[in-house]
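Colleague: Here's the letter readout for the chains.
Number of protein chains: 2
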Amino acid sequence: MPLSESWLAGARDIVGDRLLLDPDALAPFSHDEFATDAFRTAPLAVAKPVDEKEVAALVRLCLREGVPLTTRGGGTGLAGGCIPCPGGIVLSMELQNRVIDADAKNHTITVQAGMTLKRLYEEVDALSLYFPPHPGDEGAFIGGAVAANAGGARAVKYGTVKRFVLGLQVVMASGEVMELGGKFIKSSSGYHLLDLMIGSEGTLGVITRVTLGLLPRVGSVQTLISPFATVQQAIEAVPGMLERGIVPCAVEFVEHAPMRAAERLLNKTWPARTGDASLMIILDGRNEEDTLSQAETIGEVMEKAGALDVLLADQKVKQAEILELRSNLYEAVRPATVEVYDVCVPRSQIAGHVGLVHALAQRLGASMPSFGHAADGNVHSHFLKSILRDGLFGPELPNWRSQRDEATAALYADVAERGGVISGEHGIGLVKRAYLSKNLGPVPMAAMRAIKRALDPQGILNPGKIFET
Amino acid sequence: MPLSESWLAGARDIVGDRLLLDPDALAPFSHDEFATDAFRTAPLAVAKPVDEKEVAALVRLCLREGVPLTTRGGGTGLAGGCIPCPGGIVLSMELQNRVIDADAKNHTITVQAGMTLKRLYEEVDALSLYFPPHPGDEGAFIGGAVAANAGGARAVKYGTVKRFVLGLQVVMASGEVMELGGKFIKSSSGYHLLDLMIGSEGTLGVITRVTLGLLPRVGSVQTLISPFATVQQAIEAVPGMLERGIVPCAVEFVEHAPMRAAERLLNKTWPARTGDASLMIILDGRNEEDTLSQAETIGEVMEKAGALDVLLADQKVKQAEILELRSNLYEAVRPATVEVYDVCVPRSQIAGHVGLVHALAQRLGASMPSFGHAADGNVHSHFLKSILRDGLFGPELPNWRSQRDEATAALYADVAERGGVISGEHGIGLVKRAYLSKNLGPVPMAAMRAIKRALDPQGILNPGKIFET
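Residue numbers (this note's numbering), protein chains in the order written: chain A, 46 to 514; chain B, 46 to 514.
I should point out that these hints are in silico values taken from the structure, not numbers from a laboratory. Heads up, the beta-carbon is just placed ideally off N, CA and C, and yes, glycines get one too. Heads up, some of the hints might be wrong.
[What the hints assert, rightly or not] Computed spacing ranges between beta-carbons, pair by pair:
| hint | chain 1 | residue 1 | chain 2 | residue 2 | range |
| --- | --- | --- | --- | --- | --- |
| 1 | B | Lys150 | A | Val144 | 42 to 52 Å |
| 2 | A | Tyr166 | B | Gly439 | 37 to 47 Å |
| 3 | A | Val292 | B | Asp96 | 32 to 42 Å |
| 4 | A | Ala365 | B | Glu288 | 25 to 35 Å |
[Unchecked claim] Reference listing, derived: stretches of chain B covered by chain A, where coverage requires no fewer than 3 residues with Cβ under 8 Å from a Cβ of chain A:
| hint | stretch |
| --- | --- |
| 5 | 192-200 |
| 6 | 207-221 |
| 7 | 284-293 |
[Stated by the list, open to error] Example chain A residues on the side facing chain B (calculated, C-beta under 7 Å, incomplete):
| hint | residue |
| --- | --- |
| 8 | Asn194 |
| 9 | Gly196 |
| 10 | Ala200 |
| 11 | His237 |
| 12 | Ser245 |
| 13 | His301 |
| 14 | Arg331 |
| 15 | Cys389 |
| 16 | Ala396 |
| 17 | Gly469 |
| 18 | Pro489 |
Could you put the whole structure together from the sequences, leaning on the hints where they help?
Modeller: The following block contains the structure:
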């Protein structure tokens with residue numbers, strides 16, 4: 046059903062010519078960064094409000110006209126959370142990118158939800174402060190990172206985005222503007238609506254402003270690379286660090302197979318040449334004395350755990366190159382990727398789960414490269430439609446669709462058995478929706494639906510994401 | 046209305062003789078540790094279930110019979126959250142105190158909700174791990190600490206209880222048992238029901254099991270005391286530490302007036318004798334080298350900020366004595382306390398807020414001693430019904446009731462102006478219920494009520510706490 050004349054007139058009243066209706070202009074809003082086109086859906090219109098007042102007016106218009114709306118941030122998601130609903134419109138946050146308040150005294154910054162992470166890091170840096178979460182793609186908007194509770198490598202030490210959100214401004218389904226939290230750090234003043242909004246993927250409200258708590262800048266950072274014969278050995282080296290009382294900023298495991306693809310993509314070289322996998326360990330601390338002493342201890346732990354080598358990337362240039370290679374692993378395998386897994390299991394279960402992924406790949410005769418966050422249990426495996434060898438992709442497998450579906454079912458069953466969840470940081474969106482109920486069970490699903498109905502009785506906010514409505 | 050025969054028969058079927066009905070036995074369940082008797086209400090019965098199955102059966106019984114139930118932990122709360130509803134019963138968690146699973150490998154422990162914090166610290170210690178939150182009274186139950194999102198002094202560095210809760214088992218108002226979270230650290234898998242339950246004060250479910258994430262033990266702890274001429278000077282010294290990149294485990298400010306009362310209570314001596322107030326700074330770190338280097342920097346910062354002295358309590362005995370004095374401040378002023386404030390304001394607003402408290406006390410001719418968490422904005426002021434001088438209480442003020450009400454209104458108005466909340470860690474319960482709506486505004490209140498109705502449509506779980514139903 047096309048948009049009614051009254052919706053169109055109402056929308057023009059609110060945003061004027063910041064309203065897209067031309068199919069060519071709408072096309073970029075039909076997808077996110079998920080690997081395939083399976084969920085692509087074009088919106089009927091895209092509106093670009095500049096502030097919460099315009100957002101609220103658009104929500105009221107959509108409520109009156111019964112038009113579902115999907116909020117879009119940077120469009121960098123991997124779960125289809127910002128893909129519009131059939132018959133729905135997109136509310137693009139791209140024009141809402143102002144700093145509202147930068148407060149060095151309270152270590153907070155309040156920004157509009159449409160600010161990119163790249164810009165946010167710059168603004169925080171200008172305050173000489175530190176916002177640890179780094180979900181990867183700096184084109185993401187902070188509002189989207191909050192809506193998905195984005196994580197990233199530094200969650201080991203610092204937690205996910207959720208931990209840093211002190212305040213939110215949210216436009217509710219009624220069109221009312223709700224202010225939650227503020228610049229204070231502790232609250233036992235009523236239900237944690239703030240946390241409920243975080244990770245709700247635009248289904249309970251439209252996040253328009255975000256207040257973040259910031260940390261003092263770290264004085265020194267060191268990056269270590271340790272290659273291991275097998276990925277299991279690499280992962281099993283991790284508990285030893287924590288036992289020595291060191292919580293690194295990040296502990297990433299990377300299989301060398303997808304790393305070869307990243308090396309080709311960037312024309313750069315990963316420092317470790319031997320073994321099947323590496324651990325990349327980032328240490329931060331008050332000063333160089335502190336981080337070097339941590340690095341020494343970590344080196345001992347790695348050698349004891351059977352590392353083939355321990356390499357310290359002491360120069361900034363080298364650190365940046367290593368990070369760039371790690372950050373581009375998804376881009377590197379993406380041409381052949383037809384499913385991205387983002388499971389999170391208890392730390393002790395990571396090696397076992399990666400073993401299951403290897404066994405699955407072998408049984409199906411497919412490539413399923415893995416990398417991820419070795420200290421927090423968040424494993425990113427990928428199902429490729431062709432074989433990856435020496436960083437190059439072979440021809441398409443004839444039965445990749447059925448093999449992928451078999452792999453997904455087996456992988457998620459393994460995660461459930463190990464007491465994990467199917468998404469550690471990407472969100473459920475459309476892509477994982479069919480699997481959530483089996484993962485969490487009926488009681489939490491019923492509670493989520495009851496909350497959705499309570500806060501959005503007409504179901505206009507991004508309906509169909511997380512669960513079917 | 047007394048309990049029906051069918052409720053009594055049903056309850057006996059579930060808990061047998063673990064059911065109290067005798068008024069003398071019920072009396073201890075009519076209050077918590079709030080300073081006055083104003084909210085005292087006796088339950089009609091107290092049931093003591095041993096596990097979630099019995100809890101679920103009791104909830105179903107209460108649902109069928111329309112009897113409101115209030116869950117009670119250690120009864121150490123300060124907001125009346127565990128005080129029963131008129132015509133209601135109490136579900137006492139005291140028999141649910143088992144360790145379900147202690148997992149040194151994953152750094153987690155799962156316990157029944159009725160375990161005291163004292164026992165929990167012992168169990169965590171036996172794993173050679175660390176659970177940082179320390180809300181004060183170790184007689185509190187972990188389930189209650191979760192239900193109130195308890196805080197404590199160490200929240201500066203480590204956050205409140207919320208940050209450590211990885212999993213919960215919750216009996217819902219329907220009598221269904223909901224398992225939330227687990228032993229994993231990251232999740233973007235549906236709404237954050239876990240966080241919604243934390244701090245909901247027993248109004249959305251009965252917490253029966255708690256899984257906590259634990260940290261490696263710290264290697265070294267140092268305690269510093271710095272007296273200042275005025276409490277404002279003490280508080281204003283805090284930003285300097287954070288600017289130097291040090292996040293202490295705790296930064297407490299104490300006025301010397303209530304400290305004199307604690308000294309008399311315990312017959313012990315606070316090390317600082319000059320000035321109006323002290324900062325107590327606890328530093329923790331990997332080893333002594335680390336904490337002593339932090340202490341050195343902090344000492345410089347304190348001296349620059351005008352500290353009258355910087356005292357390092359390097360012996361464990363002295364550290365324990367200082368902590369004991371600080372922990373007993375509430376006990377010390379309690380005989381005359383008729384209101385306990387627990388506000389949380391942005392860090393930059395603490396000194397100004399404490400100034401307002403002083404001005405109020407002076408204008409009303411009353412004693413309003415303050416202490417609290419100087420780095421996280423959580424200020425505990427007290428309204429005393431008599432004048433506190435040299436650690437001794439004078440005669441009762443004739444008009445303390447109206448003076449207290451005037452003080453409360455003015456104090457909360459100041460907090461709202463400064464962008465703070467009326468409870469940082471104690472919860473709202475009954476005691477602060479009348480003030481919450483004014484503090485948060487109508488939109489969040491409406492959202493809370495909608496969620497309450499969605500998850501507890503018959504309103505049997507601790508109705509009337511946080512907001513009127």
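Colleague: Next step is simple, just say for each hint if it's right about the structure.
Modeller: Verification of the hints:
1. Checked against the hint of 42 to 52 Å, the C-beta distance between lysine 150(B) and valine 144(A) comes to roughly 44 Å, which is consistent with it.
2. Under the hint 37 to 47 Å, the C-beta atoms of tyrosine 166(A) and glycine 439(B), about 57 Å apart, miss the expected range.
3. Distance hint check for valine 292(A) and aspartate 96(B): the Cβ-Cβ separation is about 35 Å, which falls inside the suggested range of 32 to 42 Å.
4. Taking 25 to 35 Å as the suggested C-beta distance range, the pair alanine 365(A) and glutamate 288(B) conforms, at roughly 27 Å.
5. With 5 residues having a Cβ less than 8 Å from any Cβ of chain A, the stretch 192-200 of chain B passes the three-residue criterion, so the hint holds.
6. Three residues within the 8 Å Cβ limit are the bar, and the stretch 207-221 of chain B against chain A gives 4, so the coverage statement holds.
7. As drawn, the stretch 284-293 of chain B meets chain A at 7 residues by the rule of a beta-carbon pair under 8 Å; at three or more, the given contact holds.
8. Because the smallest distance between the Cβ of asparagine 194(A) and any Cβ of chain B comes to about 5 Å, under 7 Å, the interface hint for this residue holds.
9. Because the smallest distance between the Cβ of glycine 196(A) and any Cβ of chain B comes to about 5 Å, under 7 Å, the interface hint for this residue holds.
10. Taking 7 Å as the C-beta contact cut-off toward chain B, the hint placing alanine 200(A) at the interface holds, the least distance being around 6 Å.
11. With its C-beta approaching chain B no nearer than about 5 Å, histidine 237(A) sits inside the 7 Å limit, and its interface hint holds.
12. Interface hint status for serine 245(A): upheld, as the beta-carbon distance to the closest one in chain B is roughly 6 Å, under 7 Å.
13. For histidine 301(A), the shortest C-beta to C-beta distance to chain B is roughly 25 Å, which exceeds 7 Å, and the interface hint is violated.
14. With its C-beta approaching chain B no nearer than about 5 Å, arginine 331(A) sits inside the 7 Å limit, and its interface hint holds.
15. Because the closest C-beta pair between cysteine 389(A) and chain B is about 4 Å apart, less than 7 Å, the hint holds.
16. Taken as an interface hint, alanine 396(A) does not check out: its beta carbon lies about 11 Å from the nearest beta carbon of chain B, beyond 7 Å.
17. The closest approach between the C-beta of glycine 469(A) and any C-beta of chain B is roughly 4 Å, which is under the 7 Å cut-off, so the hint is satisfied.
18. Checking proline 489(A) against chain B: minimum C-beta separation of about 6 Å stays under 7 Å; hint holds.
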